[in-house]
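Trainee: In order, the protein sequence lines correspond to chains A and B.
Under my numbering, the first residue of the first sequence is numbered 1, with each subsequent residue one higher.
Under my numbering, the first residue of the second sequence is numbered 322, with each subsequent residue one higher.
These aren't lab readings, by the way, just hints derived from the structure by calculation.
This structure is a prediction, so every number in the text was calculated from the model and none was measured.
Heads up, the beta-carbon is just placed ideally off N, CA and C, and yes, glycines get one too.
Heads up, a few of these hints could be off.
[What the hints assert, rightly or not] EDC-like, lysine to aspartate or glutamate: derived pairs with alpha carbons at most 20 angstroms apart: (1) B:K467 / B:E334; (2) A:K306 / A:D156; (3) B:K467 / B:D449; (4) A:K306 / B:E420; (5) A:K306 / B:E418.
[Claimed, not checked] Chain A side only, calculated, beta carbon under 7 angstroms to chain B, not exhaustive: (6) L108; (7) R109; (8) T110; (9) Q124; (10) V125; (11) A134; (12) W136; (13) A288; (14) G294.
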Amino acid sequence: MRSSALPPRILVLHAGVVALLFALNFVLPEYHHAVLARVMLLSVFAMGYNILFGYTGLLSLGHAMFFAAGLYGAGLSVYHLGWSIPAGLAAGIACGAALSTAIGLLALRTTGVAFMIVTMMFAQVFYLLTFYFAEWTGGDDGIVLSQEIRRFFVGDFYLNLTDPTTRYLLALAIFAIVLFATLIAVRSSFGRVLVAIRENEDRARMLGYDTFANKLAAVVLSGTICATAGAAYALLFGYAGSTFAGVQYSILPLLWVLLGGAATTLGPFIGTLFMYYVIDITSSYTSAYLLIVGIALILLVLFFPKGILGTIRARWAGWLP
Amino acid sequence: MAFGPHLLLATLEGLVTSAVLALMALGLSLVFGVMRVVNVAHGEFFMLGAVLAWWIASLVSGHPAIGFLAALAISPLIVGAVAFAADRLVLRRLNYEPEATIVATIGLLYIIQQLALTFYGPQARPVDAPFTYRILFPWFGYSGYKLSIIATSALLLIFTWFVLTRTRIGLVMRATQYDRETAQAFGIPVGRVYAGVFALGAMLAAIAAVLIVPITQAHYLMGLNPLLLSFIVVIIGGLGSLRGTVVAALLIGVSDGVISAFFSPTLAKIIATLAVAMVLVFRPQGLFGSAAK
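So that you can see chain A by itself, here it is in the shape it has in the complex:
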């Protein structure tokens, strides 16, 4: 199948979202500005999850390990080895790619329920390892990257990661790159094969596709994107702790993607943004935000399984990617 060029309205929609986020940089009040920078990085995490869950139909309960691989890959190499920030980012992404390749090779031998449990267990091992090596990772307290480390030159170009505007624009840059990368990936023949595997793996195999290789590529792509989000998160916000490797951070991307709409390119961002504010607003009334997460999960699977964008696509706008 030939990968078609992007139709104009899809291009306009995605470019419009990026442009809108860029414009918001100049008008948003301080608090919401900071929230949006965080949400953009977390939605990169969700976009990575969406590749595997939404498009390939593989439900992983262990994606926190990929996010944390990027987080620690970047954080530890900068903190302990004194690497520069760009080198740290590259190290984080490389860690994610390596880990997702290894996990993919093992976990993809299983299917269905076993795949979910295996990914959950590998993530649990990763989580426990962050405690076992608490001497380096700081365990629950984590490590904090000092402000001096996060001010640096790239060539002649001075970057100050403690400055909110720089942080926002870098988060937006990563968000935009990953958004267009996923858009291109899912519209390519590779993306179509993933959807074919999701819909009917036996048939895809019968048609001559190497389903294992394609699923492995999906795991690696997904894990690497999640690690990118984690690495950027550690460097931009200067913190890496084992909370991010916990089971909760495997569940959250699932929730975000379900809410925004699985197998939609913009759904992860909408889901993350919506859920972040739901939790933010409710937590000013009650500390019981996990209750909201729980109820949201159940209501979503019961009444709203396609999520926000999925429903819009099914009812009104069939062209949405």
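Chain A is already provided as a structure; the job is to place chain B on it using the hints.
Mentor: Chain B only, in chain A's frame:
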């Protein structure tokens, strides 16, 4: 203490863990076997059982045994009712699709955990053991109550085995497990069997919790570790196999006790979890289960 008695102590502790784990894993295994549902909220049913046990025992005055027995009788019933309601209100409407039910039980996990935190609080509270008799070995004294847990669990396991293999209820459950549609065609109320099995699974977890709570204290986060251990047990034992579950619970419980006594508990958990993930990857039917039909 010399190595021998130390090992004996570690083994006894491991046996207590095994006894509780076997009950809990049996509940998880039944639910998976009959309904094909992976119940991620199983650990929270365990926690709920313990928290309710504390609450019930605190309402009863007099000898600790009265409070404990009241908790043992009532707590599993309440937990079973909660699980029954969860099945009717949520799982049934999802048609027991594997992915949707996993997401829904994750939701249930958070709801129960948060409600426990809100209404019970972050403290860890004990329930008094029904009796405090100590059995004296030549090297150390050992709680008679802990040994009674092992005996109680063994009795309950034998009872469950009897119900599953020798009674009409068990026959109906096995028929539903074997072929849902044919069972329905023969007039078995599959929906009610499912709700009953889900409640029964939760009750087994709650019983396990009531038995252990005089030793470990009730806490709103106590569910996660037993959940992971039960997954491990069910996977090693082969999903849906009663004998495999018991053997695996013994294996995991005792080795966990012995390894934790001599090595770092975190390392023990890492090795156990990794080993089980590998079992699932390379031998999906479990060590004792037979290949899938």
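Trainee: Measuring from the C-beta of G294 of chain A to each C-beta in chain B, is the shortest one below 7 angstroms?
Mentor: It holds, given that the least Cβ distance between G294 of chain A and chain B is near 3 angstroms, below 7 angstroms.
Trainee: Given a cut of 7 angstroms on the nearest C-beta pair, is the interface hint for R109 of chain A held or broken against chain B?
Mentor: Interface hint status for R109 of chain A: holds (5 angstroms vs cutoff 7 angstroms).
Trainee: Under the criterion of a CB-CB separation shorter than 7 angstroms, is T110 of chain A in contact with chain B as hinted?
Mentor: This interface hint holds because 6 angstroms falls under the 7 angstroms limit.
Trainee: Close enough to count: is the Cβ of W136 of chain A nearer than 7 angstroms to one in chain B?
Mentor: violated (14 angstroms)
Trainee: Tell me if the straight-line CA distance from K467 of chain B to D449 of chain B falls inside 20 angstroms.
Mentor: Status holds; Cα separation ~13 angstroms.
Trainee: Closer than 7 angstroms between Cβ atoms is the bar; does A288 of chain A clear it against chain B? Give me holds or violated.
Mentor: Where the cut-off is 7 angstroms and the nearest Cβ of chain B is about 5 angstroms from A288 of chain A, the hint holds.
Trainee: Given the hinted pair K467 of chain B and E334 of chain B, is their Cα-Cα distance within 20 angstroms?
Mentor: holds (8 angstroms)
Trainee: So, as I understand it, the hint says Q124 of chain A touches chain B; can you test that by seeing if any CB pair is closer than 7 angstroms?
Mentor: Holds. Min distance 5 angstroms.
Trainee: Under 7 angstroms is the threshold here; is the Cβ of A134 of chain A close enough to any Cβ of chain B for the hint to stand?
Mentor: Violated. Min distance 9 angstroms.
Trainee: Does E418 of chain B sit within 20 angstroms of K306 of chain A, going by the straight-line distance between their CA atoms?
Mentor: holds (15 angstroms)
Trainee: Hint check: K306 of chain A vs D156 of chain A, CA-CA at most 20 angstroms. Holds or violated?
Mentor: violated (48 angstroms)
Trainee: Taking 20 angstroms as the top limit, are the C-alpha atoms of K306 of chain A and E420 of chain B close enough?
Mentor: Between K306 of chain A and E420 of chain B the Cα gap is close to 13 angstroms, so the pair holds against 20 angstroms.
Going down the numbered hints, you'll see the structure goes against 2, 6, 11 and 12, while the others check out.
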